[in-house]
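**Q** Read top to bottom, the protein sequences are chains A and B.
Okay, so the first sequence: first residue is 1 according to my numbering, each after it adds one.
Okay, so the second sequence: first residue is 963 according to my numbering, each after it adds one.
Please keep in mind that the hints were generated in silico from the structure rather than gathered at the bench.
Keep in mind that the hints are not guaranteed to be accurate.
[Unchecked claim] Simulated coverage check for chain B against chain A, where a stretch passes if three residues somewhere in it have a Cβ under 8 Å from a Cβ of chain A: (1) 1026-1033; (2) 1051-1059; (3) 1118-1132; (4) 1199-1207; (5) 1217-1225.
[Claimed, not checked] Covered by chain A, according to a simulated footprint, are these stretches of chain B (three or more residues, beta-carbon under 8 Å): (6) 977-984; (7) 1095-1109.
[Unchecked claim] When the alpha-carbon atoms are kept at most 27 Å apart in a straight line, the in silico BS3-like pairs for lysine-lysine are as follows: (8) A:K255 - A:K588; (9) A:K359 - B:K1095; (10) A:K343 - B:K1095; (11) A:K92 - A:K255; (12) A:K342 - B:K1045; (13) B:K1045 - A:K41; (14) A:K956 - B:K1133.
Just so you know, these numbers come straight off a predicted model, no measurement behind them.
Heads up, the beta-carbon is just placed ideally off N, CA and C, and yes, glycines get one too.
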Amino acid sequence: MRQWRIEVSSRAGFADTRGQDVREDIQELGISTVESVHSAKVYLIEADFDADFAERVAGELLTDTVCQEYRIGRSVPPAGPMSATVIEVHLKSGVTDPVAESVAGALADMGAGNVETVRTARKYILLGNISDDERDTISRRVLGNDCIEDVICGTDAEPPSPHTLPYELKITEMPVRTLNDDELVALSKDSDLFLTLVEMQTIQNHYRMLEREPTDIELETLAQTWSEHCVHKTLKSSVDMDFDGEHIHFDNLLKETVFQATQELDKDWCISVFEDNAGVVKFDDTDAICFKVETHNHPSALDPYGGAATGIGGVIRDPMGTGMGAKPIANTDIFCFGLPDKKLDEIPKGVLHPRRVMKGVVGGVRDYGNRMGIPTVNGAIYFDDRYMANPLVFCGNIGILPNDQCFKHQQSGNAVIVVGGRTGRDGIHGATFSSGQMTHEHEDIFSHAVQIGNPIVEKKMLDALLQAREAGLYEAITDCGAGGLSSAVGEMGEKLGAVVDLEKVPLKYAGLNYTEIWISEAQERMVISVKPENVEAICRLFASEDVEATVIGAFTDDRKLTLRYGGQQVAQLDMEFLHEGVSKYSRKARWHSKKLSEPDIAKKDDYNDDLLEILSSYNVASKEWVIRQYDHEVQGGSVIKPLTGACNDGPSDAAVVRPKLNSEKGVAISCGMNPLYGDIDPYWMALSGIDEAIRNIICVGARPDRIALLDNYCWGDCSKAETLGSLVRASMACYDGAMGFSSPFISGKDSMNPECVCDDGTQIAIPATLLISAMSLVDDVNKCVSMDVKRAGNLLFAVGITKNELGGSHYYKIRGELGCNVPKVDIKTSAETARRIHRAICDGLIVSCHDCSEGGLAVALAEMAFAGDLGITADLRGLPVSDDCIRADMRLFSESNSRYIVEVEPEKYDEFAKLMLNVPFGQIGEVAEDSRLVIQDEGQKSVIDMDLKTLREAWKKPLMLS
Amino acid sequence: MEQVKAIVLRAAGVNCDLETQHALELAGAEVDRIHINRVIEDTSILDGYHILVFPGGFSYGDDVAAGKILANQIVHHLTDAIKKFIASGKLVLGICNGFQVLVKTGILPGVNGGDIGSLSGQAVSITDNDSGKFEDRWVYLAPAAARCVFIDPDTRIYLPIAHAEGKVVAKNSDALEELRSQGHVAFRYVDADGEEGPFPVNPNGSMDSIAGLTDSTGRVLGLMPHPERYVHRTQHPHWQRLDQQSLPDGRSIFDNAVNYVRSTL
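Given the sequences, and given the hints that come with them, work out the whole structure.
**A** Okay, here's the thing in structure tokens:
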């Protein structure tokens, strides 16, 4: 056995793009001493083959000899006057290395014989006179991430081989029966269980009754199952709320708000809601669609690339594990970051720069989503410094599955089979994290430790699972997400019972103890339940697609969860205690309406500069840099793409995909969110989010009567009464919005986020953030409408009333003001407006439609104009306004909800006007041949007058990153 | 030929197989999607088909380099079968990742099929975009090789690209000149008026604006853009602005292939 080291780098004359990227990132750090960076890929292969074969491996497999060259052994830095610093970045032991796995397979194809291990690394040679401090900064901030990687500087020693010792069974009991309260709390803390005293007492009483002590794995299983992540202790608790002095009580907050609306609406097109891994609704006569949105915040804060990749990878497995398994058809992603232009010295210690977080998160979603072959079609990015230490990463996935496969048919006697990736120490709490990084301790950190995903393992698992579903070879399926096998098997066996032989679980490497196997959150695994007579056939099918499938146990009928290792029982838990035993909580909440006021802003002759500033503010600016990195067209179903218009650069309101290529029916997807409004009142923030998501989806032509909503709460520390109070306000709005729009919530998730404690002791809490996602149907995609103006001479109408509602607006934000007149929603009028707009689209009366939101009317008109590459001449006299909306700046920049701008051909005017009867609307201008946006006030004085090029550039430039 | 039959090869990470099947079916072919493992087990499977398609995706994660692991697998298991397939007058199409595979196996540009299997002797390759990033955008393509049976020689077409490694490179200027002089260039990136230009007209920095290559027979085509993503009017990024009648540009590649088989084989 020899260890071969093969280094591959660019040949002279061919660009070293990785090296160039690194140099740019170093310059962004403000380090100017690095003159150039050379990068190389390093392969470390432990194998029996000889030097001749090593040459073949290097020359035929690992090197593209047209543009690359290789060296067997360690290369030396180029000779020259500049000093060279060599830095290598290796993955930590146990971190998934997908490239190494592929190389191992390719070596087998080459007939390489016995290959013990393959590892990969990256090598950088930095030329220039770099100080040790600079080298360390570059290593830490650009090259490596010490959560998952080891950075090795200036040594010739190879990193230690990742061999681990085999595990020898040792069953550990965790005595609880005789502990006092302090000791119970200490045990929970020391073992990273994150169980409260009441929960520990519940467990203690249970084991006193059983007259034995729990094993370590039993306590871990209870901790996983009872975690905030799995049971939503906050949203399901009973709440006593002081609302401006008035007392309100909820027995179960979630059940009496979000759930209740769904129950009361009782739509016959809802197939399975809040039950399965995703909410399922009817699509057509043969198929259903399902939608789930998850957050992956803490892992993304620590390792933006890996955290976001496993975020999207994890949420894709939700539809895959819904019903009998759906085929994913679209991804969504919504991110909240700190401002990307922050100076380095403004970043709190231990926090990654928002720009690095953004690049990493986008890269992670890109690489996982694109490799899975799922189009990423809809999203948004919000910037606010309060997200700096706690970036939010929402990933969503939509899937399609047959109507008659929406439910599982679990039964005892079936085999428990784990399919897909192998199990390693990934994501075991505390194992992959050094304690130094956990400055903000919270259970979510532990339940989502950093992992690297391998999308190809997930893709081939998906290919095989869909075939197995078609063949009817399994009876139930779920994903291994948070809590790993513990949650997956625990849930599937809840009504039955299950016995699992943990030593049968295939491992990435030896040495895992039974608890680690059971709670590992290694990615790309699903659990299926298979009738004994189908086991052989399904295992053969998986093998034929190179997917591992292993029988690890059986479902029983004793309502007990029994775990064994090597034949010895290591745990036995009552399913009832496991799933029903968790204590209920009661919490206090308080909401006192804020005393805010409107700022005093002087009138101006024109508002050209204000419009430019809003267009180029990060939240409004074009996200093209991000969108183009996502494949939004794979699967061939895209109808409304995220970018549209004459030059394919206008911002679409929502996405439409056609999931069945032989059908003209489509699925529309949109979102709504505005954390700034929550600084004034979370109730109106939530309703605004619902209204915005619905407006967006209506704009493209989706049906108003089939809108399904999803909620994703990201809140601060809800043990504080004020924070919980704001969450209660938002939940009340969710109920009112769902009822008013007759749009049920079908799925949701919450994530409680810790406050970041800075060095100076100040605490930064994230703003109350509620993401509303909407999904609806399009009966005929050929009638879908885009937001770009189409033809000079067409008429433009504003539908919906513009009010004096600049609170939380961008117009105020660019002045550093918040205001108090937050946009409200007249739900009845809004719902009626949506129905009329939809009717007009169906009747072919509207050729473009854009929602009026951030930045108000002025921004909406500017976007429509430059997307259509045609001018707009508008006039504020025709704008439907409330009595107190007088000034031109109010009319231009108010962010009142429920407003649409539509383009109508002159010959369709009468029909359109008839259809809009009793809905507030007015003609505000027309599409012009020239390339200018001109908006005149009441007195026909131009308050906006600018050429499209200036507007488009202002909008495009801020986020055109390298 | 009564019924034209096409095989779309699947492998771990291939992800454009379904829409490619759909595009071929619209052109009138009967299509099977088959895992490469089945073909390796029994290469005679290929005998039943007239068109072999390597669809887009990220075969084996594009680990090492795009298409490299799958190319390695094909070279070690399917070289003879594919040589035979081409020699018998049949068609091979590689789209995006499939193009990368065709180049990295040597099937393209392939002189008389002779270079297949020579993994280290490549003169042409496909590597990282100049931007260093994955890009999804629409491009205009000017046809360049009249002998290629997939192409309408006089029609500029508009298709999407979606790749991170699409830059066609030649080992040296002689190799590039040979591509040109021997008529291997199938498509070039151009602007709406047919002129070559820098990014974004040439979205990845390909030498000589090369977007696709054909072999000496004209019956093998590889291209980075995705014709299967524009076979339905509503797939165009601003179809609402188009004339209702225009036929989606991607259709021609598949129609030409099926018609060629129908009239020739």
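**Q** Indicate, hint by hint, whether the structure satisfies it.
**A** Structure-based check of all given hints:
Residue count for the region 1026-1033 of chain B with a Cβ under 8 Å from a Cβ of chain A: 4. That meets the three needed, and the coverage hint holds. Evaluation of the coverage hint for the region 1051-1059 of chain B: breached, as 0 residues show C-beta separations to chain A shorter than 8 Å, against a requirement of three. Here the region 1118-1132 of chain B counts 4 residues with a CB under 8 Å from a CB of chain A, which clears the bar of 3, and the coverage holds. Coverage of the region 1199-1207 of chain B by chain A holds [criterion: at least 3 residues with CB-CB distance below 8 Å; count 4].
Only residues whose beta carbon comes within less than 8 Å of a beta carbon in chain A count, and the region 1217-1225 of chain B has 0; fewer than three means the coverage is violated. A count of 5 residues in the region 977-984 of chain B with a Cβ less than 8 Å from any Cβ of chain A is obtained; the coverage claim is therefore met, three being the minimum. With 6 residues having a beta carbon nearer than 8 Å to a beta carbon of chain A, the region 1095-1109 of chain B meets the requirement of three or more and the stated coverage holds. Restraint check: the Cα-Cα separation between K255 of chain A and K588 of chain A comes to about 17 Å, which is no more than 27 Å; the hinted pair holds.
Pair hint K359 of chain A plus K1095 of chain B holds up; C-alpha atoms about 11 Å apart against a cutoff of 27 Å. Straight-line distance between C-alpha atoms of K343 of chain A and K1095 of chain B comes to about 25 Å, which keeps the hinted pair within the 27 Å bound. Restraint check for K92 of chain A and K255 of chain A: not satisfied, since their Cα atoms lie roughly 44 Å apart, outside the 27 Å limit. The suggested pairing of K342 of chain A with K1045 of chain B is violated, with an alpha-carbon distance near 58 Å, which exceeds 27 Å.
Distance check on the hinted pair: K1045 of chain B and K41 of chain A sit about 33 Å apart at the alpha-carbon level, beyond 27 Å; violated. Between K956 of chain A and K1133 of chain B the alpha-carbon distance is near 37 Å, which puts this suggested pair outside the 27 Å criterion.
Against the hints set out earlier in the document, violations occur for numbers 2, 5, 11, 12, 13, 14.
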